[in-house]
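Chains as they are written, first to last, in the numbering used here: chain A, 114 to 526; chain B, 80 to 298.
Hints were generated in silico from the structure; no laboratory data involved. Just so it is clear, CB atoms sit at the ideal spot from N, CA and C, and this is done for glycine as well. Check each hint, because a few of them may be wrong.
Said to hold, decoys possible - Using 27 Å as the maximum straight-line C-alpha spacing, the simulated DSS-like pairs for lysine-lysine come out as follows: (1) A:K301 - B:K197; (2) A:K452 - A:K430; (3) A:K221 - B:K196; (4) A:K324 - B:K197.
As the list claims (entries may be wrong) - So the derived label-pair ranges between C-beta atoms look like this: (5) A:G127 - B:V119: 37 to 43 Å; (6) B:M211 - A:G127: 32 to 38 Å; (7) A:R298 - B:V119: 53 to 59 Å; (8) B:T146 - A:S180: 43 to 49 Å; (9) B:V119 - A:T128: 36 to 42 Å; (10) A:Q222 - B:S194: 28 to 34 Å.
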Amino acid sequence: MIVFENVTKIYPGGTKAVDGLNLHIRKGELVVLIGPSGCGKTTTLEMINRLEEPTEGTIYVNGNDTSKISVVELRRNIGYVIQNIGLLPHFRISSNIGLVPSLLKWPKQRIDARVRELLEMVGMDPEVYANRYPRELSGGQQQRIGVLRALAAEPEIILMDEPFGALDPVTRENLQDELKKLQARLKKTIVFVTHDMDEALKLGDRVVIMKDGKVVQADTPEMLLRKPADDFVRQFIGRERLAVKADGLTVDDVAIKTPVTAPPHMGLAQATRLMQRKHVDTLMVVDDDGKFVGIASAREIEALKRRPDSLAEVVQKDVATVMQGSSAKQAFEMLFIAKVGVVPVIDGAGRLHGIVTRGSLAEMLYQALWDSNGDGEAAGNSRSNGANGQPPAPPTPLSPAQPPTAPAGPASQ
Amino acid sequence: MSLFTQFWQYVSTHPDQILTAIREHILLLVAVPVGLAILVAVPLGILCTRYRVLESLLLGAAGVMQTIPSLALLSFLVMSGLGIGFRPAIVAIFLYAILPILRNTYTGIKSVDPSIKKAAKGMGMTDMQCLMLVELPMAVPVILAGIRTSATMSIGTATLAAFVGGGGLGNLIVTGLRMLRDHIILAGALPAALMAITLDALLSRLEKALTPRGLRLGK
Ligand SMILES: Nc1ncnc2c1ncn2[C@@H]1O[C@H](COP(=O)(O)OP(=O)(O)OP(=O)(O)O)[C@@H](O)[C@H]1O
Ligand SMILES: [Mg+2]
Chain A
114 MIVFENVTKI YPGGTKAVDG LNLHIRKGEL VVLIGPSGCG KTTTLEMINR
164 LEEPTEGTIY VNGNDTSKIS VVELRRNIGY VIQNIGLLPH FRISSNIGLV
214 PSLLKWPKQR IDARVRELLE MVGMDPEVYA NRYPRELSGG QQQRIGVLRA
264 LAAEPEIILM DEPFGALDPV TRENLQDELK KLQARLKKTI VFVTHDMDEA
314 LKLGDRVVIM KDGKVVQADT PEMLLRKPAD DFVRQFIGRE RLAVKADGLT
364 VDDVAIKTPV TAPPHMGLAQ ATRLMQRKHV DTLMVVDDDG KFVGIASARE
414 IEALKRRPDS LAEVVQKDVA TVMQGSSAKQ AFEMLFIAKV GVVPVIDGAG
464 RLHGIVTRGS LAEMLYQALW DSNGDGEAAG NSRSNGANGQ PPAPPTPLSP
514 AQPPTAPAGP ASQ
Chain B
80 MSLFTQFWQY VSTHPDQILT AIREHILLLV AVPVGLAILV AVPLGILCTR
130 YRVLESLLLG AAGVMQTIPS LALLSFLVMS GLGIGFRPAI VAIFLYAILP
180 ILRNTYTGIK SVDPSIKKAA KGMGMTDMQC LMLVELPMAV PVILAGIRTS
230 ATMSIGTATL AAFVGGGGLG NLIVTGLRML RDHIILAGAL PAALMAITLD
280 ALLSRLEKAL TPRGLRLGK
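Excised from the complex, chain B in its bound form (with noise of 0.2 Å):
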């Protein structure tokens, strides 16, 4: 029996199985911590542009984070008391969703022309306004370009969940790896791939759908 033929009987046969590893992979290990990550992350991004001390800090932090090995940052998790599951997994693939998001706010808002700030300065916007009529808005391309750069690496992440019992299509891969049967592993890793590609693709469409129109033209 080729791979594809055994791939393709375990998939039928085990549908159930297979979404419920989707819908985990997709809903808890993705949609969850990243949009955490949002929520955190531009704040935070906003806050650096502000304050100097924040800059260093926190961009400087959230590098660090970067550059510990997931699997590593999942045990670490394991071990301070958030016990094996989904939670040291969404708190291990939202760790890893709020650089490129902070990065990307941060930068941003910085790389908004100064000479458009300083105009808006001159004609008496508050900063408040500033910042929201001004600088936002003219971030929003590059920030949504750092949303999909940490969806798309956080469904990568997301296989690894499956070590410490977090679920996810990475459950498929584990399985698959410790029976040494390939289709399985196929199973997992063949959707998450494709999930990574149309993810992308979506987000992209809509990171120039929601990009101001002024700012799509020409230049």
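Isolated chain A (complex conformation) (with noise of 0.2 Å):
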């Protein structure tokens, strides 16, 4: 749909804002252009409709070469939502947005419709707005109108710069989402730029990583999440990556890796001592080949009117378990939507790995989003004190009270 052939731009000047770019954009794609300021996002963009012309090299537009396009056509249908909003401030809101239809000549019952459609479709109506100046909006009425100015004459490829810049949180995330379930539906070929890698993640078919003038990575969210390119691209993405990696985690990240455990033959006494000494109110009850039997948990234990001899007889062993390298989401919903107290990690012989509590994996997100020297990977592996089982009590703000009615008992492993 867009294709860049070696394409630098050199301003007079001297500056080099882009700097021998390839890229390939498809059709019905939403290709996010991120990078640091001045990396060249904005040229990127105005080279496609011309704005900018390129110094050296060709951009096809459906297979077109641009520069041999006429000028006005070529923009009369790409919708262009420009970095500053820029709304014509003696226009009313109706005329700005149909001002590309009325370029184009559309009858205006047609424009009128249209406008009129537009406005509905964000949610604001039309008899309220459509006679307002944009001065009578506020900033992300404004912004709406911007991008209902670019949809407007129903171009194939829309080129956004920055369109919810400089908005508060809340309304920006209400325009993703609106952006997203327009993108869903229209199938529009989408080139936006911003400053905001959740931005980008969030609405990207693909993000391409750009600094100074070339592009330094091209990916779906999630390979640039999986395999950054460089440094660059790792810092660049930074304390997100790793909140957004929690979809590529595995149990075995959030695991305990080594949880108090005990053989089937161990006597009562020495299990409530063991627990004692340990700090925790769960063991794992493992057999001499390390194979995973059951979960005897102290209150359980004490619940016993008769006092049974060993372990064997009040391990509790329809237990359910996670599979060495699953999801740990898989892990987190039998946690939080299960209320099982403790997850048993095992592999494919039965063999206990580790176990998933909720400590240990408060502890593990706690260490992506917020710890800035935590880096991911070490996370679960390396909580040695985990390794021991948390105390009870007094709870840590990281060990979450547990919910009186988990079924396996509390375990604060």
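Using the hints, put the two chains back together into the complex; each one sits in its own frame.
Now the structure itself:
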């Protein structure tokens, strides 16, 4: 749909804003350009509708060399949301939205109908807003109108330069959701420039990270998070990466690797003492081959009237487990939706490799989200204090209070 | 007899003379040259925003013109073959009126928010459409302010027309000066001053009325 072939832009004065850019944007794709200020995002965008002309190289739109198409023609077929909104202050909202259709000489009725349709689409009552002037709207409403103006003539391609910049986070989020919905319905080819990594990852089918006029990496958000090309990308994605990377986390990342275990033949008195000494209230019962047998919890042992001899008699065997390597999400759901107290992680041979508790999950998430020194990988593994189980009391801020309904009993390991 | 009674007597005994002077002053010495100046300066101002060469050339020339003392300019024009009478006066006032209009047209258009111009171009407006639909309407208040400056200034300059036989209220002032009659000077000066104040107020109203509504709103 849009192809950049070795495109370089040098401004008069010598600034090399874009440097040998090659990029292929497919039909129906939403591509996000992101990078530090001055890296050439706006320049790249504006070369598509020829507000800037490339110094070298060729840009093709729909297979046509743009330098050979009439510039007015080209622009009328490409929606454009400018970095600073750029509504015409002396035009009413209806005329602002209907600008390109009227340049294209649509009949007035058709323009009016289109304006109404668009305003309604973003939940702005045409009766109220169509006749206002831009200065009678809030910033968020103006940005909406800026987007509608770009959509008005139903162009196949839409260029958006930080369309939601300078908005409060809530409005921004709302507009992003609106755009996502619109895009799901209309399937336009959109080139979207932003500073905001969250926005890029949320909206982009592909994200193009730029630096000094060059593409550093162009990939799906998923791949960008998993395989950042270099340190710049890693740094640029920054903390957000770790947060979103939770998607790619496995149970191993969030598990306590050395839970407190006991063999089935351990006497109950000894088991109780072990729990007290290690400050845990559940034991992982593991046979001599390291195979997982079940869970014994202090509460259940105490609840028993008759005192059996060994753990084997009190161990709860029908415990839900997760396989090593499966998604952390699964353990998460067991802990927080099925309200299981502790989730054992086992391998194909049934051997116990660790356990996931609310405490270990919370700690891992803490590291990923807020601990700038933490590097997601080490989380879980390095929890040496977790290995011995955390003391049930006093609860650290990281071990959420156990709901009393937890069927397997509280496990604060 | 006080100056005021003398003045009043003069006015009531010479109504035709004064009315003719006022009419000449407004129509011949202000409306005609300022009108011509608008017709010439607005398009030139637009051209200045389009062509770099014209920018320094025209704005520079108009600026230099402004610095020539009015009496000197009038004399030059008389000597240059226009003779005496209304003609050199009209030409001089016209030349003076050009600069404020030219400069304001130029700055008015140049100061339209670049992102609005870029948006207009990005939507696929031709240069002409951008000018007529966006730049000129948005520059209207500034251009009108330039016209107001020119017009009020011209009322003053026009009083000098009498020195080259150009008529207008300056006639009364010059006569009064020659005959050392203060009340006759006053009969020319007072209407001229009132005229300047009134015209300024009227044009400032017009300026507000002609400013596109969307631009009048806050911010
Ligand atoms: N018209 C121009 N003339 C000269 N240099 C320019 C011009 N426009 C941009 N530049 C320079 O080109 C480089 C890239 O600018 P561009 O506007 O494309 O950056 P950007 O990535 O959009 O930045 P931002 O995130 O701040 O909007 C910058 O160094 C800028 O100063
Ligand atoms: Mg930019």
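Hint-by-hint comparison with the structure:
no., hint, verdict
1, A:K301 - B:K197, "holds (23 Å)"
2, A:K452 - A:K430, "holds (17 Å)"
3, A:K221 - B:K196, "holds (24 Å)"
4, A:K324 - B:K197, "holds (25 Å)"
5, A:G127 - B:V119: 37 to 43 Å, "holds (40 Å)"
6, B:M211 - A:G127: 32 to 38 Å, "holds (35 Å)"
7, A:R298 - B:V119: 53 to 59 Å, "holds (55 Å)"
8, B:T146 - A:S180: 43 to 49 Å, "holds (48 Å)"
9, B:V119 - A:T128: 36 to 42 Å, "holds (40 Å)"
10, A:Q222 - B:S194: 28 to 34 Å, "holds (31 Å)"
Comparing the model with each numbered hint stated earlier shows that all of them hold.
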